[in-house]
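Under this note's numbering, think of the first position of the sequence shown as 74, with each following residue one higher.
Keep in mind the hints are simulated off the structure, nothing from the lab. Remember, predicted model here, so these are calculated numbers, not experimental data. Just so it is clear, CB atoms sit at the ideal spot from N, CA and C, and this is done for glycine as well.
Cβ-Cβ distance ranges computed for the label pairs, FRET-style: (1) I76 / S243: 42 to 48 Å; (2) G168 / E338: 34 to 40 Å; (3) G192 / K75: 41 to 47 Å; (4) R223 / V146: 27 to 33 Å; (5) A186 / G127: 37 to 43 Å.
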Amino acid sequence: MKIYGIFGDPIEHSLSPAMHNAALLAMGMEACYHAFRVGEDKLKDALLGARAMGFSGLNLTIPLKEKALMIGVLEPDPLARAIKAVNTISFSDRGILGYNTDGWGASLALQEAGVSVRGKKVLIIGAGGAARAIAYTLKQEGSEILIANRSLKRAEELAAQIGAEGYDISDLKSLAARSEIIINCTSVGMREGDPRLLEPDSFHEGQAVFDIVYNRETELLQDARRAGAVALDGVMMLVYQGARALEIWTGRKAPAAVMERAVREALAARQEGKG
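Please take these sequences and the hints and turn them into a complete structure.
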């Protein structure tokens with residue numbers, strides 16, 4: 074049996090196991106996919122342990138995507154090296170190989186929603202692994218990128234790497250007013266009671282607002298929808314980045330429709346459990 078999984082901390086919220094196990098079953102594979110809580114200080118040991126135990130592939134989530142390139146045990150492909158973040162790992166005779174499918178997933182999700190990015194001014198909130206991947210990908214696709222982050226230094230560093238502009242989070246409202254697409258790449262909104270990133274009057278008709286959080290509809294999206302903006306959650310990004318990872322591991326086309334259905338069913342079950 075092939076073993077796949079996801080490392081991260083926190084990890085309890087992850088729907089990747091439900092999504093990937095449904096896909097593996099639909100593909101007729103004798104395989105399983107599990108979630109493992111792994112902190113930054115344990116990542117190197119966990120990766121070496123997974124290789125020793127015969128894992129076939131892994132995903133990485135918060136806070137491990139950038140850390141993976143700093144521990145000296147994996148070889149990133151050119152895209153992951155350029156992005157400086159890894160979210161997908163395969164184990165082979167060539168070693169531990171790192172990839173990044175987040176930008177791929179975000180781009181397809183936006184396309185599916187009818188949102189064109191070429192020539193558009195895109196505000197990206199955050200400067201972590203997902204933000205890096207999405208900023209890099211959309212820049213390659215012809216967007217003008219603005220990056221806002223709590224740490225101005227990190228925003229400016231990422232901006233310098235891809236030819237964008239970096240700003241402090243205090244500039245968020247004015248940046249939102251002049252942006253055609255807004256993408257939240259932070260975990261803010263994942264939990265009820267999280268502070269608002271932007272006030273409700275920050276959005277307007279004609280904008281597209283994309284929140285990569287997928288476990289609940291965030292206040293950011295609720296406010297954007299009320300203002301007449303296109304509001305897009307992180308479900309399809311999760312599906313498409315996961316499908317691409319599965320194709321890297323197996324060399325076969327992933328059943329994206331099956332994966333989407335599994336995610337939405339798991340979300341519905343989770344909401345019912347809260348009721």
